[in-house]
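Protein chains: 4
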Amino acid sequence: MIKVGVVGSTGYTGVELVRLLSRHPKVSLKLITSRSFSGKKIADIYPNLQGIVDLECEELDFTEIADRVEVVFTALPHGVSMSVVPKLLQVGVKVIDLSGDYRYQDQELYEEWYTESHQSPDLLSEAVYGLPELNREVIKESRLIANPGCYPTSAILALTPVVNKGLIDLNSIIIDSKSGATGAGRTPSRATHFCEVSENFKAYKVAQHRHTSEIENGVKMVANKEVVLSFTPHLVPMKRGILSTVYTQLKQNFTTKELRELYQDFYSSHPFVRIHKVGKLPETKYVVNSNYCDIGLKVDSRTNRLVIVSTIDNLIKGSSGQAIQNFNLLSGLSETTGLKFSGIFP
Amino acid sequence: MIKVGVVGSTGYTGVELVRLLSRHPKVSLKLITSRSFSGKKIADIYPNLQGIVDLECEELDFTEIADRVEVVFTALPHGVSMSVVPKLLQVGVKVIDLSGDYRYQDQELYEEWYTESHQSPDLLSEAVYGLPELNREVIKESRLIANPGCYPTSAILALTPVVNKGLIDLNSIIIDSKSGATGAGRTPSRATHFCEVSENFKAYKVAQHRHTSEIENGVKMVANKEVVLSFTPHLVPMKRGILSTVYTQLKQNFTTKELRELYQDFYSSHPFVRIHKVGKLPETKYVVNSNYCDIGLKVDSRTNRLVIVSTIDNLIKGSSGQAIQNFNLLSGLSETTGLKFSGIFP
Amino acid sequence: MIKVGVVGSTGYTGVELVRLLSRHPKVSLKLITSRSFSGKKIADIYPNLQGIVDLECEELDFTEIADRVEVVFTALPHGVSMSVVPKLLQVGVKVIDLSGDYRYQDQELYEEWYTESHQSPDLLSEAVYGLPELNREVIKESRLIANPGCYPTSAILALTPVVNKGLIDLNSIIIDSKSGATGAGRTPSRATHFCEVSENFKAYKVAQHRHTSEIENGVKMVANKEVVLSFTPHLVPMKRGILSTVYTQLKQNFTTKELRELYQDFYSSHPFVRIHKVGKLPETKYVVNSNYCDIGLKVDSRTNRLVIVSTIDNLIKGSSGQAIQNFNLLSGLSETTGLKFSGIFP
Amino acid sequence: MIKVGVVGSTGYTGVELVRLLSRHPKVSLKLITSRSFSGKKIADIYPNLQGIVDLECEELDFTEIADRVEVVFTALPHGVSMSVVPKLLQVGVKVIDLSGDYRYQDQELYEEWYTESHQSPDLLSEAVYGLPELNREVIKESRLIANPGCYPTSAILALTPVVNKGLIDLNSIIIDSKSGATGAGRTPSRATHFCEVSENFKAYKVAQHRHTSEIENGVKMVANKEVVLSFTPHLVPMKRGILSTVYTQLKQNFTTKELRELYQDFYSSHPFVRIHKVGKLPETKYVVNSNYCDIGLKVDSRTNRLVIVSTIDNLIKGSSGQAIQNFNLLSGLSETTGLKFSGIFP
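Chains as they are written, first to last, in the working numbering: chain A, -2 to 343; chain B, -2 to 343; chain C, -2 to 343; chain D, -2 to 343.
No lab work stands behind these hints: they were computed from the structure.
Treat the hints with caution; some may be incorrect.
A pair holds if it fits inside one copy or across any two, identical chains being indistinguishable in the list.
Claimed, not checked - List of simulated lysine to aspartate or glutamate pairs, EDC-like, C-alpha gap at most 20 Å:
id: 1; residue 1: Lys217; residue 2: Asp64
id: 2; residue 1: Lys274; residue 2: Asp41
id: 3; residue 1: Lys248; residue 2: Glu258
id: 4; residue 1: Lys248; residue 2: Asp166
id: 5; residue 1: Lys254; residue 2: Glu130
id: 6; residue 1: Lys337; residue 2: Asp51
id: 7; residue 1: Lys27; residue 2: Glu55
id: 8; residue 1: Lys274; residue 2: Asp51
id: 9; residue 1: Lys274; residue 2: Glu53
id: 10; residue 1: Lys202; residue 2: Asp41
id: 11; residue 1: Lys222; residue 2: Asp103
id: 12; residue 1: Lys277; residue 2: Asp51
id: 13; residue 1: Lys337; residue 2: Asp41
id: 14; residue 1: Lys37; residue 2: Glu56
id: 15; residue 1: Lys37; residue 2: Asp51
I would like the entire structure built from these sequences, with the hints used as guidance.
Listed below in structure tokens is the structure:
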């Protein structure tokens, strides 16, 4: 059993880590921390865990942490993570960081989009972008994983096969994404008030969302050249799930069937990407509560555009599940350990 | 008082007509028909109308209809409308048709997208496409109005000012639309089952939806040339509201402020289009239960794309409200009569 | 036109007053106040009102208020209302208060359930409990109306006919109520976060909710004796609407039909109470966005209990609509002025 | 591994069985049947199962079924079950039946409430009512389990401790239950249309629902005398979850703390019943997606009523999870095998 801890365990991604790790067959969850709830049992904050998880939230204490755990998941806000992660590495634990703080190699890019100085830029070159479908082998050898953002996971997995093969005009990429409200976290605000979200649909941060740069960075890893693209996030009146509709201009003619085969081949060794059949498209209810990313394709022959539809559970494949997928790789376990469960529908 | 009737009064657009017409100060609603519920009171089918509307659904009977009403709204499925509308015109009533049957001048275009032969193609050249913001003056003189579809209303109003001024590359248009479930009508199906829609998000009919051609047709009216564009509808787990996110490539550089002023000017004489301030974007809850179309703009200087966000209530500005707006014009009334109410938020 | 003002105009009941008053044919809305948003246009806070209401929120100023308005609606939190209402009366405006501060004649009762000292107890005997179906005539003569709470409106209207006729055991009353989330107001909190409310159902404040005492007080007005009853509120994942299921023990045998006739007669002169036919029960979608209270009945012959189902829109008949109904009576207008619109379904 | 089959695998309870059985560590799911979808893969009907369950739906065939499976779960409509179950027993497989057909020992009672003749009344005395918290030992020895209904599970578990100890007046029981829409099954109808359920709340079948008799039957098992009670079901705009608010008159005075201890003791050996602390009440989100029944208590000292709040996931503890709990007992496994997972919140 590998001993692990979760730092920042009472937000939505934190508690999802706790829930998933508590049933992981190779993990012993030894430590959970929380600033706001320290001293309280997690099962008193999230009563669904009553009888399942008997841990109490603690203050984070670096002095003895290396004796208690081997790997730590940090589920902290960006900006906070970078003040914690270096200390964890220093005392010798491996870190899987769920914030945006280590997702770029380029310090300037980070500071431009996060409008904040980076506190530990020296770690940027070491950190590995933890998208297993791109970086599986490097992840295995790393001690610091930058777990991808939710929107970037859905968008980069949608684009990778056609970008990798050079089939699309890189200037044509438009990503129209829609997310459930858990993506905004648990802190109360007018924007997440039930009566403002229910029976409502909106776009937000158009042409300004940070994940634009993270998606561009991911696509650049695949394309080996700079990419500038459009990304628009929207808020859907539901709790979980992201669906990205991705528009790209094909350089030559293809049928949906041909591209579907390309995707099927490309992801054949990746257990958490499922490609839908020609004529079928994924819906969020197929993946919610699972670690799957479902992808469907449609060539629009009138415009020669390829439309890619990609769905994930933002808290699982888009966050805590993917973190565990990275943990499995890092720990020499099978990639699917503790993650081989289906979504819940209905 | 102008005497009117609603043919097909028990579907969602039909009953919305009944509800709105019953409080229209210049209308006397004399006749409502329904095949499935003939002989039943509308207030027994929709108990919200108890004490407000005391009409009974009748079978449609052409013999005496011209004695009872001057204008008829036909809220029938496409294919059915075209078997009814010619008879109504023949007996001398004016018709506002909410189906897709008379929205194209080009019979072939209709038959291609609706995969059905047209039964009264001779009326196509006479019918006026009832988007008042495009065709206000012609509508006033018409006896047959083809009321626009819901998605096309949101998309065409979003695009018209920049298309009219020739500011965008017409080959670059991508319309990513999201609709509430009333758009699918009242007939029960697995696709509209609560447990399949709630907490779910999906795209459907990608690159195949009929409204693609209707939007192209509308943009063509403005551009005076053929347009081919991409349109993707999505289903949002809410009842009412459409939000369209429209992507276009600008031919030259503009600020958001400049284009916002252009839109403001363009729609200054159109009481139901509201342009949001720079930095603000519309949400469906601003327009739901109203006849407004709200539009917001954002220039993405990195890609030189203009992103237009446009929202309507699909049952009002996207259908029954717009039909009444057309009726007002047709009847020589002020365009806003009976429609000057705000949305409901929360 | 009667000049009116709304004090506390940016909460959910405040803005509902603004929305409804703005289309009231006999009202000129002259003044809206807000502490948090003073200086801002209401249409910038609630963009649904753009083009409909052009007022700016002001700080409350007692010096000139009597010159500007004749009647003020106070939509303030309890405890705050009682510091404002006396000053308004003093300068000579009539007040319709939407808080709980003036709903009891008995100061002790207020202080017990609201755990707060009353600041203007002398006004308690003058204030009229503004349930028009009970107190229509007194309301007409009053200068201070205590507008009822939402749950009490649904419960008291459900019970009044059988209590009035002495048909039920007063010790047997159990009221199981369910409310949408607008009832909790607009202030963000964990309890109203979308992800905590959506797809969830809960009871709260069991045997402790303040409205218990208000309901008892209302039933006592009808019964002319003290009543102790059970009341349990629940939170429904929807925005608007209250449905109360009321259980009572009948003293003798009745059929549903007999009691339905009793209710029909009792409310025959009350335009906003609708009694459903035998075999039919109201749903919240029949009344949402209207000022109606719909009531359905079912005698359970096995237990000789009468089950009463009562529904309202908590923001309209349960709050702002009823306040306007009171305003109409107070102002010598027809009770239904500005309120004769149907609910919205779907 | 125990070989099992699911008859009627494509309804909501059927597919929930498939999902849960596919991850049960001691089960080999060999056979799934469906009339409507025979020949189709279950993962094509429920794409969430893609990569998890690779079975194809078959027509039910009794000739070889005993060679393929040892235990069959029948997830069929009532009336249909009783034509299938006898044949399954005859060929030697054990049956866990999820319909209402074998839940009563008394044939007349069944026929009265289900208004249908029973086709295999001889099996009624043999069938065991599969509520493990009542009948654990008998279940272990049975070959035919009548799995309880969803509402009865929540209500009987709420009442059992106080009924067992004789602390309440049995004539005072009122059960006000609220359920998500999965309880209505997957067949499309107007009553389950998204636009009729969302943002709506209603009571249905007041004083007439079949589960009234099943609850009375269950309480009678505990009380050893006839019980007549009131039961009202309601539909909540959510997918899963039941919350029952149960009102009872206490015969003498108790504190909430005393009764909480009684419940805690009573269920101490029952792993799936959790009793909340004094001052806390369960919400459906604590149990949804789990096999737990959460119970909270509140004594109302003013009326000397005990209010019990009880919540389950209607598809798990209220149906398919409980069926597996019964299967575990029947098969000599630990009661919690394959069921020890927490709910999902958010």
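Status of each hint after checking the structure:
1. Lys217 / Asp64: neither (39 Å within a copy, 57 Å between copies)
2. Lys274 / Asp41: between (44 Å within a copy, 10 Å between copies)
3. Lys248 / Glu258: Answer is within; shortest intra-copy Cα gap is 18 Å, inter-copy 37 Å.
4. Lys248 / Asp166: both (6 Å within a copy, 19 Å between copies)
5. Lys254 / Glu130: The answer is neither: 22 Å in one copy and 42 Å across copies each exceed 20 Å.
6. Lys337 / Asp51: This pair counts as between: shortest inter-copy Cα distance 14 Å, intra-copy 24 Å.
7. Lys27 / Glu55: The answer is within: 11 Å in one copy meets 20 Å, while 46 Å across copies does not.
8. Lys274 / Asp51: between (43 Å within a copy, 16 Å between copies)
9. Lys274 / Glu53: between (46 Å within a copy, 17 Å between copies)
10. Lys202 / Asp41: between (35 Å within a copy, 18 Å between copies)
11. Lys222 / Asp103: within (15 Å within a copy, 46 Å between copies)
12. Lys277 / Asp51: Result: close only across copies, 18 Å inter versus 43 Å intra.
13. Lys337 / Asp41: Only across copies: Lys337 and Asp41 sit 18 Å apart there, 28 Å inside one copy, limit 20 Å.
14. Lys37 / Glu56: within (11 Å within a copy, 43 Å between copies)
15. Lys37 / Asp51: within (11 Å within a copy, 43 Å between copies)
The structure is inconsistent with the numbered hints 1 and 5, although it conforms to all the rest.
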